[in-house]
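A.B. asks: Below, each chain spelled out in residue letters.
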Amino acid sequence: MVDVSQHNLVPEHTVLDEPERVEEVLEEYNVEKTNLPKIKRKDPALRDTDAEVGDVIEIVRDSRTTDQAVVYRLVVE
Amino acid sequence: MTEEEKSVNQLVGEYEHVTEDIALVVEDTELPRRLKTRVYNTIQNREGLVTPEQANEIAEAVENRYIDTRVDPLDPVGTVSAQSIGEPGTQMTMNTFHYAGVAEIDVTQGLPRLIELVDARKTPDTPMMTVHLESEEQNEADIPFATDREYAHEVVWDIEATKILALGDVSTNVADMLVQIDLNDDTLAERWPRANNVTEVAQEIAETIEDALGVKTRQSGTVIEFGPDQPSYRQLLQLVEELREITFKGIEEISRVVIRKEKMDDGEEEFVLYTEGSAFGDVLSIEGVDASRTTCNNIHEVYRELGVEAAREAIIEETMDTLREQGLDDVNIRHLMLVADIMTNRGTIESIGRHGISGSKDSVLARAAFEVTVNHLLDAAIHGESDDLDGVIENVIVGKPVAIGTGDVDLKMGSFSAPSDD
Chain A
1 MVDVSQHNLV PEHTVLDEPE RVEEVLEEYN VEKTNLPKIK RKDPALRDTD
51 AEVGDVIEIV RDSRTTDQAV VYRLVVE
Chain B
1 MTEEEKSVNQ LVGEYEHVTE DIALVVEDTE LPRRLKTRVY NTIQNREGLV
51 TPEQANEIAE AVENRYIDTR VDPLDPVGTV SAQSIGEPGT QMTMNTFHYA
101 GVAEIDVTQG LPRLIELVDA RKTPDTPMMT VHLESEEQNE ADIPFATDRE
151 YAHEVVWDIE ATKILALGDV STNVADMLVQ IDLNDDTLAE RWPRANNVTE
201 VAQEIAETIE DALGVKTRQS GTVIEFGPDQ PSYRQLLQLV EELREITFKG
251 IEEISRVVIR KEKMDDGEEE FVLYTEGSAF GDVLSIEGVD ASRTTCNNIH
301 EVYRELGVEA AREAIIEETM DTLREQGLDD VNIRHLMLVA DIMTNRGTIE
351 SIGRHGISGS KDSVLARAAF EVTVNHLLDA AIHGESDDLD GVIENVIVGK
401 PVAIGTGDVD LKMGSFSAPS DD
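Residue numbers (our numbering), protein chains in the order written: chain A, 1 to 77; chain B, 1 to 422.
No wet-lab data here; the hints were simulated from the structure. On a predicted model such as this, the values are computed, not experimentally measured, just so you know. Even for Gly, the Cβ is constructed at its ideal location relative to N, Cα and C. Some clues are possibly wrong.
To be verified - To give a feel for the contact side, a few chain A residues facing chain B, derived at Cβ under 10 Å:
no., residue
1, N8
2, T14
3, V15
4, P19
5, I39
6, R64
7, L74
To be verified - With a straight-line Cα cutoff of 20 Å, these simulated PhoX-like cross-link-like pairs (lysine-lysine) come out:
no., chain 1, residue 1, chain 2, residue 2
8, B, K163, B, K249
9, A, K38, B, K361
10, A, K40, B, K249
11, B, K412, B, K400
Modelling step: build the complete structure from the supplied sequences, incorporating the hints.
C.D. replies: Here it is, written out as C-alpha cells:
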C-alpha cells in the first residue's frame with residue numbers, strides 16, 4: 001500500500017485528542033463543530049490515524065500565501 | 001534560549017547587514033515569514049546603509065500595508081472571486097487546440113478545461129499523468145530509476161498498455177480455422193527486459209490468451225496458434241476481435257507514455273514520464289515510481305487515492321495552470337483557493353453548479369434563481385419549505401438590504417453614558 005502521507009499534495013493530518021484543544025478552536029472561530037469543513041472517515045489521508053466520526057482533524061498546510069496555514073476539518077461518515 | 005532569540009541569532013548570521021536591533025524590530029511585526037524575508041533582503045541589498053530607526057520605519061510601513069490588504073469583515077469574497085476568475089475567462093480560447101501541452105501529449109486547455117474542473121467531471125476529456133521516478137532509492141544496481149534510461153524504460157513498459165498488435169503479426173488461417181500470431185523477437189525483448197529469453201515471454205503471452213479467451217493454444221518458439229472449439233468462421237473472427245482487446249502488459253487505461261529528460265529545480269536531470277490516460281492508484285504502486293511527486297490531472301482520482309486535502313491542492317494547481325497557460329496568471333491565487341475550499345468543504349469534491357454547490361443551498365429562492373426555477377419552487381411548495389432570507393440572492397429578490405458589507409451594519413442614533421472604569 002502506498003504511503004499517502006508521503007505525497008507532496010498531502011499536508012499533515014493530526015487528530016485533536018484533547019477536548020480542550022477542540023474547544024479552543026471552536027472558540028477562536030466562534031463556530032459550532034458542525035460548521036467546520038468536513039473530511040470523510042474513510043479519507044485516504046486518515047488511514048493511519050484512529051480518527052472517529054466527530055473528531056476534529058488539524059491540518060497544517062504549506063500555504064501559498066503565508067508560511068503555514070492551519071485548518072480544521074470535522075470527521076464525518 | 002527562546003524560539004525568537006534563536007531565530008534572531010540565525011538571521012544575524014545569515015544576513016551580513018542585518019543587525020540584532022533590526023532583526024528584533026522586523027520579527028516583532030505581524031508579517032508572515034515570506035514578507036519578513038523580503039524585508040531582510042531589501043535591507044541586505046542596501047549594504048549597511050539602513051539604520052535601526054529606518055528599519056523600524058520600513059517594517060512599520062510594510063506591516064501597515066499588509067494589514068491594509070487583508071480582507072475586511074463582511075467583504076463579499078465569493079462575488080469578488082467569481083468576477084476575478086470570470087473576467088479573464090472571457091479572454092480564453094473557446095476552442096481546444098491539440099498537442100499544446102508538454103511532450104506531444106494532447107491536453108484540453110483553456111475554457112473547456114476550466115469548465116471541466118469547476119464542474120468536477122468524473123473523467124476529464126484528456127486524462128493524463130505526470131509520473132516522476134524514484135530519484136533516491138537505489139535499486140539492486142545502485143542506480144536511481146530517474147536518471148537511468150534503461151530503468152526508466154522498464155517503468156514505461158510497466159505502465160503503457162501492450163496490445164497484441166504491438167507485439168507481432170496476427171493472421172487468420174480460414175482453411176484450418178486458426179488464428180496465428182507471429183511475435184516479434186526484438187519487441188518482446190524490449191518490453192520484457194527482465195525475462196531470460198523470448199520463448200519464456202511467448203509462453204506467458206499464450207497463457208494470458210488462454211485465460212482471457214478460454215481457448216487452447218499451441219506455442220512453438222515465438223509463434224502462437226489457436227482456434228475456436230467448433231469450426232466456425234464467425235467465432236474465428238470473434239476471437240481475433242477479442243484478442244486485440246487483451247492487455248498483455250502495463251495498465252489497460254494508459255494508451256501511450258512519453259518519456260522526457262527534464263531539468264529539476266535542483267539542477268539535476270531526470271527522466272519524467274507523461275501518460276495519455278490515467279490510473280493514478282495503479283501507477284503509484286509500481287516499483288520505481290516516486291509516489292511523492294507523481295500527479296494526475298483527474299481530481300477525482302487524486303481524491304480517491306490521496307484524500308480531500310490533496311484534491312483541494314490539485315484543484316488549485318490545475319486551475320492555476322490552466323490560467324497560466326493562457327497568459328492569465330495575474331489572477332490572484334486566493335480566488336482559486338476559495339473555489340477549491342468551497343468545492344471540498346463537505347469532505348468530497350462537489351461541482352459548482354446545479355448539481356453541486358448552488359443546487360444544495362439552504363435557501364429555496366437562491367436555488368430557484370440559479371437554474372430550473374419552476375422545479376425548485378414547486379418542490380419547495382410541496383415540501384412546505386421556508387426561507388430564512390440569510391443570503392444575498394434571497395434578499396435581492398425580496399428587496400431587502402443584503403447581509404454583506406455595509407448592508408449588514410445597523411447604525412443607531414442616540415446617546416448612552418460612557419462605560420465606567422471599574
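A.B. asks: With reference to the structure, classify each hint as holding or not holding.
C.D. replies: Here is how each hint holds up against the structure:
| no. | hint | verdict |
| --- | --- | --- |
| 1 | N8 | holds (6 Å) |
| 2 | T14 | violated (12 Å) |
| 3 | V15 | violated (14 Å) |
| 4 | P19 | violated (22 Å) |
| 5 | I39 | holds (5 Å) |
| 6 | R64 | holds (5 Å) |
| 7 | L74 | holds (9 Å) |
| 8 | B/K163 to B/K249 | holds (8 Å) |
| 9 | A/K38 to B/K361 | holds (16 Å) |
| 10 | A/K40 to B/K249 | violated (35 Å) |
| 11 | B/K412 to B/K400 | holds (18 Å) |
Checked against the numbered hints listed earlier, the structure breaks hints 2, 3, 4 and 10; every other hint is satisfied.
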